[in-house]
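There are 2 protein chains.
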Amino acid sequence: MTTATEIVNEFWRLMATNDFDAVTTILSDDFVWELPQSKELVRGAKNFAQVNREYPANAPWQFEIHRVFGSDTEAVSDVTVTDGVQTARAISFFTIKNEKINRLREFWPEPYAAPPGRAHLVEVME
Amino acid sequence: MTTATEIVNEFWRLMATNDFDAVTTILSDDFVWELPQSKELVRGAKNFAQVNREYPANAPWQFEIHRVFGSDTEAVSDVTVTDGVQTARAISFFTIKNEKINRLREFWPEPYAAPPGRAHLVEVME
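Protein chains in written order, with the numbering used here: chain S, 23 to 148; chain B, 23 to 148.
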């Protein structure tokens, strides 16, 4: 049996080809992509591919995988995405059903200024 | 053996008491808290408790756990945090060592406006 972590690694391998139709081969027919921050929900593998294809990019997207782990049916990844001009971080929660990705709930946390008044308790992260 | 998921559930149970010294009982001596968005690193369980204690709050913090899962040594949670006035979402990656939390890498994704031009592919998430 393919583990959730293996399926997620394959997802990012396929995303890195920038062939988003290829990615749909590991998404279930009833795949749903949820973006809670913008309250957007994309239904279906075909729409997932189209949103990715239409997103403005300066060059092919590259992905740096910081971490992937999971249980039997769920996995999470922490990935940096860049087209060489824009850079963002994606935290992606995957749900697996019948060895396909059934649901992806994704967060895109942005940099923010360190809150004031706690420098005495905090170091600067490399 | 206590699983990573059980330890993380205990972490959130203790956080909900708002007794941050109690939380330190399940953190390792060399505990590190990383906040990549603000590039802050807090070293040590005592400093973790102090940052939490000093953070401006209108009322005791309450936590709604949306999801927790993990492998043997890692777990992730998706939690909404509120004091009744401020509300935020925390995505927390925990590393476990000797049944204590050794490292917490935490992201705080903020709401953003849905990107234009893709309404034909997107539904509004409940």
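I should point out that these hints are in silico values taken from the structure, not numbers from a laboratory. One or more hints might be untrue.
Said to hold, decoys possible - Within a straight-line C-alpha distance of at most 25 Å, the following computed DMTMM-like cross-link-like pairs (lysine to aspartate or glutamate) qualify:
{"#": "1", "chain 1": "B", "residue 1": "K119", "chain 2": "S", "residue 2": "E96"}
{"#": "2", "chain 1": "S", "residue 1": "K68", "chain 2": "S", "residue 2": "E148"}
{"#": "3", "chain 1": "S", "residue 1": "K61", "chain 2": "B", "residue 2": "E145"}
{"#": "4", "chain 1": "S", "residue 1": "K119", "chain 2": "B", "residue 2": "E96"}
{"#": "5", "chain 1": "S", "residue 1": "K61", "chain 2": "S", "residue 2": "E148"}
{"#": "6", "chain 1": "B", "residue 1": "K61", "chain 2": "S", "residue 2": "D41"}
As the list claims (entries may be wrong) - Computed far set for chain B versus chain S, every beta-carbon distance over 12 Å:
{"#": "7", "residue": "L36"}
{"#": "8", "residue": "M37"}
{"#": "9", "residue": "E62"}
In this text the structure is predicted, and so the values were computed from the model without any measurement. Ideal Cβ positions, reconstructed from N, Cα and C, are used throughout, including at glycine.
Does E62(B) really sit off the interface, with its C-beta more than 12 Å from all C-beta atoms of chain S?
Given that some Cβ of chain S is not farther than 12 Å from that of E62(B), nearest at about 5 Å, it is violated.
Run the distance test for K68(S) versus E148(S): straight-line Cα separation, threshold 25 Å.
This hinted pair is violated, its Cα atoms lying about 39 Å apart.
Starting from K119(B), check that the Cα of E96(S) is at most 25 Å away, please.
Between K119(B) and E96(S) the Cα gap is close to 22 Å, so the pair holds against 25 Å.
K61(B) and D41(S) were given as a pair; does the straight-line alpha-carbon distance stay at or below 25 Å?
Since the Cα atoms of K61(B) and D41(S) sit roughly 33 Å apart, the hinted pair is violated (cutoff 25 Å).
Checking one constraint from the list: CA of K119(S) to CA of E96(B), max 25 Å. Satisfied?
holds, 22 Å
Would the least Cβ to Cβ distance between L36(B) and chain S come out above 12 Å?
For L36(B), whose nearest Cβ neighbour in chain S is about 20 Å away, the distance exceeds 12 Å, so it holds.
Would you say M37(B) is clear of chain S, with no C-beta pair closer than or equal to 12 Å?
Given that every Cβ of chain S is farther than 12 Å from that of M37(B), nearest at about 18 Å, it holds.
Given the hint that K61(S) pairs with E148(S), does the C-alpha gap stay at or below 25 Å?
At roughly 32 Å apart (the allowed maximum being 25 Å), E148(S) and K61(S) break the hint.
Within 25 Å, alpha carbon to alpha carbon, are K61(S) and E145(B)?
holds, 8 Å
Going down the numbered hints, you'll see the structure goes against 2, 5, 6 and 9, while the others check out.
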